[in-house]
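A.B. asks: One letter stands for each residue in the lines below.
2 protein chains.
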Amino acid sequence: MGKITTRSPFAPDTLVRLEPLEGVRFATAEAGIRYQGRTDLMVAVLDADTTVAGVFTQSKTASAPVLACRKHLKKGEARVLVVNSGNANAFTGKKGKEAVDLTVEAATEAADCARHEVFVASTGVIGEPLDAKVFAHLLDDLVKKAEPDAFEAAARAIMTTDTYPKMATRKAFIGDVEVTINGFCKGAGMIAPDMATMLCFIFTDAHIAAKPLQALLSEHVETTFNAMTVDGDTSTSDTLLLFATGDASVRGQEPITKEGSKKLKEFSAALHDLMQDLAIQVAKDGEGLSKFVTFVVEGAESEKAARRIALSCANSPILKTAIAGEDPNWGRVVMAVGKSGEAADRDKLSIWFGEHCVARDGERSADYDEATAATYMKGREIVIRIDVGVGDATSHVWTCDLTHDYVSINADYRS
Amino acid sequence: MGKITTRSPFAPDTLVRLEPLEGVRFATAEAGIRYQGRTDLMVAVLDADTTVAGVFTQSKTASAPVLACRKHLKKGEARVLVVNSGNANAFTGKKGKEAVDLTVEAATEAADCARHEVFVASTGVIGEPLDAKVFAHLLDDLVKKAEPDAFEAAARAIMTTDTYPKMATRKAFIGDVEVTINGFCKGAGMIAPDMATMLCFIFTDAHIAAKPLQALLSEHVETTFNAMTVDGDTSTSDTLLLFATGDASVRGQEPITKEGSKKLKEFSAALHDLMQDLAIQVAKDGEGLSKFVTFVVEGAESEKAARRIALSCANSPILKTAIAGEDPNWGRVVMAVGKSGEAADRDKLSIWFGEHCVARDGERSADYDEATAATYMKGREIVIRIDVGVGDATSHVWTCDLTHDYVSINADYRS
Numbered sequence: 001m002g003k004i005t006t007r008s009p010f011a012p013d014t015l016v017r018l019e020p021l022e023g024v025r026f027a028t029a030e031a032g033i034r035y036q037g038r039t040d041l042m043v044a045v046l047d048a049d050t051t052v053a054g055v056f057t058q059s060k061t062a063s064a065p066v067l068a069c070r071k072h073l074k075k076g077e078a079r080v081l082v083v084n085s086g087n088a089n090a091f092t093g094k095k096g097k098e099a100v101d102l103t104v105e106a107a108t109e110a111a112d113c114a115r116h117e118v119f120v121a122s123t124g125v126i127g128e129p130l131d132a133k134v135f136a137h138l139l140d141d142l143v144k145k146a147e148p149d150a151f152e153a154a155a156r157a158i159m160t161t162d163t164y165p166k167m168a169t170r171k172a173f174i175g176d177v178e179v180t181i182n183g184f185c186k187g188a189g190m191i192a193p194d195m196a197t198m199l200c201f202i203f204t205d206a207h208i209a210a211k212p213l214q215a216l217l218s219e220h221v222e223t224t225f226n227a228m229t230v231d232g233d234t235s236t237s238d239t240l241l242l243f244a245t246g247d248a249s250v251r252g253q254e255p256i257t258k259e260g261s262k263k264l265k266e267f268s269a270a271l272h273d274l275m276q277d278l279a280i281q282v283a284k285d286g287e288g289l290s291k292f293v294t295f296v297v298e299g300a301e302s303e304k305a306a307r308r309i310a311l312s313c314a315n316s317p318i319l320k321t322a323i324a325g326e327d328p329n330w331g332r333v334v335m336a337v338g339k340s341g342e343a344a345d346r347d348k349l350s351i352w353f354g355e356h357c358v359a360r361d362g363e364r365s366a367d368y369d370e371a372t373a374a375t376y377m378k379g380r381e382i383v384i385r386i387d388v389g390v391g392d393a394t395s396h397v398w399t400c401d402l403t404h405d406y407v408s409i410n411a412d413y414r415s
Numbered sequence: 001m002g003k004i005t006t007r008s009p010f011a012p013d014t015l016v017r018l019e020p021l022e023g024v025r026f027a028t029a030e031a032g033i034r035y036q037g038r039t040d041l042m043v044a045v046l047d048a049d050t051t052v053a054g055v056f057t058q059s060k061t062a063s064a065p066v067l068a069c070r071k072h073l074k075k076g077e078a079r080v081l082v083v084n085s086g087n088a089n090a091f092t093g094k095k096g097k098e099a100v101d102l103t104v105e106a107a108t109e110a111a112d113c114a115r116h117e118v119f120v121a122s123t124g125v126i127g128e129p130l131d132a133k134v135f136a137h138l139l140d141d142l143v144k145k146a147e148p149d150a151f152e153a154a155a156r157a158i159m160t161t162d163t164y165p166k167m168a169t170r171k172a173f174i175g176d177v178e179v180t181i182n183g184f185c186k187g188a189g190m191i192a193p194d195m196a197t198m199l200c201f202i203f204t205d206a207h208i209a210a211k212p213l214q215a216l217l218s219e220h221v222e223t224t225f226n227a228m229t230v231d232g233d234t235s236t237s238d239t240l241l242l243f244a245t246g247d248a249s250v251r252g253q254e255p256i257t258k259e260g261s262k263k264l265k266e267f268s269a270a271l272h273d274l275m276q277d278l279a280i281q282v283a284k285d286g287e288g289l290s291k292f293v294t295f296v297v298e299g300a301e302s303e304k305a306a307r308r309i310a311l312s313c314a315n316s317p318i319l320k321t322a323i324a325g326e327d328p329n330w331g332r333v334v335m336a337v338g339k340s341g342e343a344a345d346r347d348k349l350s351i352w353f354g355e356h357c358v359a360r361d362g363e364r365s366a367d368y369d370e371a372t373a374a375t376y377m378k379g380r381e382i383v384i385r386i387d388v389g390v391g392d393a394t395s396h397v398w399t400c401d402l403t404h405d406y407v408s409i410n411a412d413y414r415s
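Residue numbers (the numbering used here), protein chains in the order written: chain X, 1 to 415; chain G, 1 to 415.
Isolated chain X (complex conformation) (with noise of 0.2 angstroms):
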């Protein structure tokens, strides 16, 4: 693993607590699987009953834990989660798909459940075979001694390059019982030095079917986790799972099993809110950042094309050593919005640094002012905002700027 260097400037002064919620218990252990000294292995036992959704990498290179993870997911019932730190079980061939099997083996025994009840996550260096001997062994005692008052060591144990851990929790009504939601993920962008990479588990005591869960997962990750980018460098083992134990039925919820059903519209919020909180931390934990940035577009011909020419943007090496260097470099945005392929009205086209019109119209605005602007790019958070002209839909990406720091801790230190 590459050299950590500085917390990130936007790192919290104090972390959020999240309270323990019905249903889940967690247990974590020093297995030393790759790092000495700290927790690298994290259990979640979770009640009978459990429903899941989840989302994964769309890389053709998807890891061991991923691919199990799918097939796993049909069934949509879940029982234990066992993630790792350290390492991915990315690209280790037929003995990382026996080291998944080794560890569901393991999890099924400890929890007396059946195999499409585990999930697994594996997160660290690529390419190295994972021996799940060093840590299946464990998994029965951790099973047993899980507790519900555990996130945040949950949360620290699958950390890796992260200079903080990323915790976000909500609270919902559904009908009137009101129910919770916890999460936490691990990640700085999909760029962290020999890591592979963003992991989030989000869990409730709602009572939701596995189908509706999946519906509203799918539908919010789009305008969080996936309007989010480091440097556009997709990992191998991207997990997202949502879990959803019923407990609070007990407590008088009445079930949810029908997709877009109107009762879970104020958790749909809660949920969509709480995966925005999480997916922005990770941007403010992208490696070697100095600035968190923010790029809107209006004005697209549709949603999906609105976030295409953010990502452009926010994805730019010129655009983010740019911003940077605390450059109002408003050109770099043109090339950016022009290279993503989308329509775009060159002669219609309007950006803003934060309130600042630097252009209108397709050419630098009336208003320009070279002193505002440069005094806009000294902030910590910087929103950049695009008409570009051609409808009215609007979209948005948070990223970070390119750095020295980026390069030292991706190029200087050997992993």
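It should be emphasised that the hints constitute simulated quantities derived from the structure, not laboratory data. All values derive from a computational prediction rather than experimental measurement. Just so you know, not all the hints are guaranteed correct.
A pair holds if it fits inside one copy or across any two, identical chains being indistinguishable in the list.
[What the hints assert, rightly or not] Listed next, the in silico DSSO-like pairs over lysine-lysine satisfying Cα-Cα at most 27 angstroms (straight line): (1) Lys348 / Lys97; (2) Lys71 / Lys348; (3) Lys95 / Lys265; (4) Lys304 / Lys144; (5) Lys348 / Lys94; (6) Lys95 / Lys348; (7) Lys265 / Lys133.
Using the hints, position chain G against chain X.
C.D. replies: For chain G alone, coordinates are given in the frame of chain X:
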């Protein structure tokens, strides 16, 4: 313009000499458009009956000169080319078109030709209005004094952050008449600070009609300039023009009027070779580079898929920083293959760094030797070969590494 840093380590010790070509004359001037104490205006005067082919940026925010060239190209006839450096005349709205109109008008009068026979290109800062009055009055004199033996002067006048002029020459027989192809281009990839960006002009005395000329150019651009990237940031101004004066017919060359003529076989190969030479010269002057990198993809479904996979590698910041750090981090190659979206068989994927096989059939190669791989990465020219195991198509992409100097050039200095 950003501060020019050190010369590329690949800058040639001696420049290739381009001999005069029948039917082409050049003149340059210090017009003071933006730079002081150097030439920034270049005029090429072409004999009557010169044909022309061109390819341009795919950007949706293409510059005013690109839009004019696209329009003029339809008749395939050319008499004058006017190029300025220091200002890209991109994203300059109505003023941009007016500057082009004024330039074209002045060139038309100077060369006594039709509007559609005038081609224009501009490179430099984006968004700054270009005042064509500064140089339009010079064109008459420049056309008059243009001379044949001035390829290097022409190549120098269009440079921006280039650290050396990029030139190449080839000869080929059409029938039993030898013709010459001379070309030069500018661009430190698509990434020069505030610059936009790749301009390439090729001249030949061959007698070839516009249609077959365009067919050759369009065919070869795919495997030459479109197989080269510095950071994936497509400019608003990329322009590649090929002029054929036809003067070789005086020496008995039978005019070629049809696409696919077998008589063009040797010429086509020479043109491809010259375009490849120039494309490699551009990548070797990529900003801040320390290494020149070739990605070769084999075993792909199609040539297009192979090139997309190679481009996914060549545009990956995390992989390019690893190469800058001389880290044989093949896990990042796996990541970049996976994120390309093209078919790859994870369990058949093999990767070579130079001659050293680092991964075979979806896992780390049994022969993998860290020391051997690390030593290879210390070289100045790196070849990474990838077999994706699904077909038999192959392609390649040339690029450079991503270094601290890249960040310095694009972030530390204000434009």
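A.B. asks: Each hint should be assessed against the structure and marked as holding or not.
C.D. replies: Taking the hints in turn, this is what the structure says about them:
1. In this assembly of identical chains, Lys348 and Lys97 lie within 27 angstroms of each other by CA distance solely across copies; the values are 15 angstroms between and 53 angstroms within a copy.
2. Taking CA atoms no more than 27 angstroms apart as the test, Lys71 paired with Lys348 passes between copies only; the shortest distance there is 21 angstroms, against 48 angstroms inside one copy.
3. In the homo-oligomer, the alpha carbons of Lys95 and Lys265 never lie at most 27 angstroms apart, since the shortest distance is 44 angstroms inside one protomer and 51 angstroms across protomers.
4. Proximity of Lys304 to Lys144 under the C-alpha cut-off of 27 angstroms is found in neither arrangement, the shortest distances being 46 angstroms within a copy and 54 angstroms between copies.
5. For the homomeric pair Lys348 and Lys94, the shortest alpha-carbon distance between copies (11 angstroms) is at most 27 angstroms, but the shortest distance inside one copy (55 angstroms) is not.
6. In this homomeric assembly, Lys95 and Lys348 come within 27 angstroms of each other (Cα to Cα) only across copies, at 14 angstroms, whereas the closest approach inside a single copy is 56 angstroms.
7. Within a single copy, Lys265 and Lys133 get their C-alpha atoms no closer than 45 angstroms, and across copies no closer than 62 angstroms, so neither meets the 27 angstroms cut-off.
When the structure is compared with the earlier hints, violations turn up for hints 3, 4, 7 and for no others.
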